[in-house]
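So the chains spell out like this:
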Amino acid sequence: MTSIPSSEASRAAGDSRLAARLKRSYSLIQAIGVLAILVVIMQVSNERFLSPINIGNLLGQMTVMLIVAAGMTIVMISGEFDVAVGSVVGLSAAVAGWLMVRWIPSGTTGQQELWIILVAILAALCVGPFFGLIAGLIVTKARIPSFIVTLGTLMMGRSLTLVVTQGQPIPDMPETVKALGQGRWVNLPLPVNVPAAANSGSLSDLIVWLPIQNIVWVALLVYIVGWFVLERTTFGKRVYAVGSNRTVALLSGIRADRIKIYCLMIVGFTASLGGIVSLARLGAVSPNTGEGLEFEVIAAVVIGGTSLSGGQGKILRTIIGVIIIALTRNFLNLARIEIFWQGFATGTIILAAVLLEALQRRISTRG
Amino acid sequence: MTNIDRTASASPEPAAPALLQCRGLVKSFAAVRALRGVDFAIHAGRVRGLVGENGAGKSTLTKIIAGVYQPDAGTVEVEGRPVRFGGADQALAQRIVTVHQDINLVQTMTVAENLLLNNEPTRGFGIIRRRDMREQVTRLLQQYEIDVRPDDVVSSLPNDLKKMVQIIKAVNLNPRILLLDEPTSSLTEAEVRVALRLIRRLASEGVGLVLISHYLNEIFEVSDDLTVMRDGEVVADGPVGETSLPQVVSAMIGRHVETVRRASRVAPAGEGPPLLEVDDLSVPGRLQGISFALRKGEVVGVTGLAGSGLSDLSRALFGATGRHAGGRVLVEGKPVPPGDPAQSLKAGVALLTNDRLREGILPDFTLTENICLPILSRFGGIGGALDRSAMRSTTERNIARLHVRAPGPDALARQLSGGNQQKVLFAKWLETNPKVFVMDEPTIGIDVGSKDEIRGIIDEIAGTGVGILLVTTELDELVALCDRVLIMFRGAIVGELAGDAVVRERILHAAVSGEIRAAAA
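Chains V and U are the protein sequences, given in the same order.
The numbering of the first sequence is my numbering, which starts it at 1353 and goes up by one.
The numbering of the second sequence is my numbering, which starts it at 318 and goes up by one.
It is worth saying that the hints were derived from the structure and are not from the lab.
There are no misleading hints in this set.
Sample of chain V residues facing chain U (criterion: CB under 8 Å; computed from the structure):
1) Tyr1592
2) Ser1604
3) Gly1605
4) Arg1607
5) Gln1664
Note that the Cβ used here is the ideal one computed from N, Cα and C, for glycine as well.
Using the sequences plus the hints, can you model the full thing?
Dropping the structure here:
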């Protein structure tokens, strides 16, 4: 009997194991490299860039995007999209803000106010999962692409935000909420001030105290939980399996539809959380909160290396994607480039990122 | 060949009641009746071989047992209790496990993740015990002597190792019933030994097994019982010891209808180079060293088992396998640039793929649009406007010539039956004036009447001097149409039958064994 000799093939596979590992971390190395180059360019062109105040502001500004991008990574790994996140951010912020302003009479303090704030936040946190559930049911039962379904929920969410806010900003959030969002209760010591230390010769001058906005810790928590769920739980494995090959997942006894619905609810939850964070940070709700956020978030996730076709991606790399997008915007601001050019720059970066991904895929399949 | 110990199941007849019993199963897909009242039993501790030609209904039967399909009529009983599975997960919950024919692994995940997919050891709340998972996987891989590492990504493995991982994954689910659909077709000889030993061991542990395989020698080696299916019915059933390979082959083929062979119209050799020359065509892991020639007006059949590389060959000839292919393809002595379907088309090669719905017909386009798609440039007029009346008349000519039953050239392709859609595809490729026409399963999934018509069309095309490579697993088709038949086995051409040797028994025997039997047999 003849048979295709496979020993050579498997030996070749053995040789390429190291190469494969390198190739796998290659995109990470590359992303960090791009980030480093960006940082250098920015610092060179504007020495204010690496100042503690600018870094602190920058972290605060990107928090909403960070939180939503975590959920978007999960849903994109499962092979779906959610373009409604921007409007869910807006609607959640509006719901929370409306409840707080309406229920907290001026002058109330203490316990009662805290309870009302808590209820308002919880109510707002249900908005996203509810939108996700509806979209998920339509996507899985009627077999309609999630891009289209969430395009519908996007418009509904935007419109409901206008209904709740009556098209007007809701100002003057309770002081407690503002304190939560705008406070910087923790200063992070960073031993980076080499020139100062060299001048004075005292090691204590080496440290720069970086004030961190409280909301940044929320984002950090989201990523720790998200990483754990994706990498360390059965649910995470199922998400990857469903996104990579739905049939295989089904035949392994995985309820693929349910997983996709959960994923859409998760991204909805992160969008709601993002809305509340945005409200706390700004101390007000604008009727167009979160407008256009969806595409920035998807871009960040893609730049972070998550596959557009599902099944592949790492949630921590999404952080790099978000930073790259946020840095670009910050750079344009600092360089006093007209705001009209910002979309153009972001678009260029997105195209470069997906082209790079396509190029890599072609190289790796050619093997 | 070492024999596998079958003494574990001592009794020749199953004494105990069946572990699983199907009665009167009927299943149709659109107009095709895949199962017409099938009774089937699986017994604990026994291996049941399930054989039959392609389309006999074997896979449909196992998919019903595995809960993937639901029967239109008939019952399935597990240990005497009737069950009705709504999906694969419900059958899995009853520990009915299937190794499907195609490789069912998540390619982007590692071996470890695949082996324990949806079966991971956890601490509750779905938190995975990573060390346990690693240990389990390492133990499994050592136990079954598979040369892969837990962290290898599945897509980086060669096909045979993927298949072994898939089999081990199924075994690790601790099945009560294990259905194996062509488990060995992509394995090397040594791995086949491992797999067959494993099958016997599971049987001795009391698992009820079903083994679907075209490799009859393997069936005879490990099975206790044998079921032969043909055209959606069980035609033979009983202990393996009471039958023989020739008996099984003739049961698979069934009716001894004499197939009328067409008259050969091969152009005489010796006038210049052959129409098509294939020289050492190889695709790593799929095809090795394929060489043959095709002359004007000749119909050469290519056949073999599922997984022997038939579709890989037809695609490689058309340059549709990317740049991986090695070797040369020459048309009328001129080499065809490799890896580019457009160049192949220009050189006069046409390919009819075996997947009409996904790779052939555009269901929402009209017949005219379907047929004229590859030759649109011929109808370009002033300012790029298409000469619509010329397109229509082209279509009308083809409708008449190939007897397409359709309302007219503006009908949508989806309104047509499968057989008539296939004729439209024939028209589409014929309009490109091919010199070499590669057809991959040209009569797959169409009714008997249309099959005969399509075969008539193929004969007619050959009559016009086109060289035809007929890639098919239908024995009747090979016997009726082919001047010669090339036999493929595990990615290589192992032999050729010509002239009077093109008979069903000899083709089937060569395809299942990989050996050409002596002419006297």
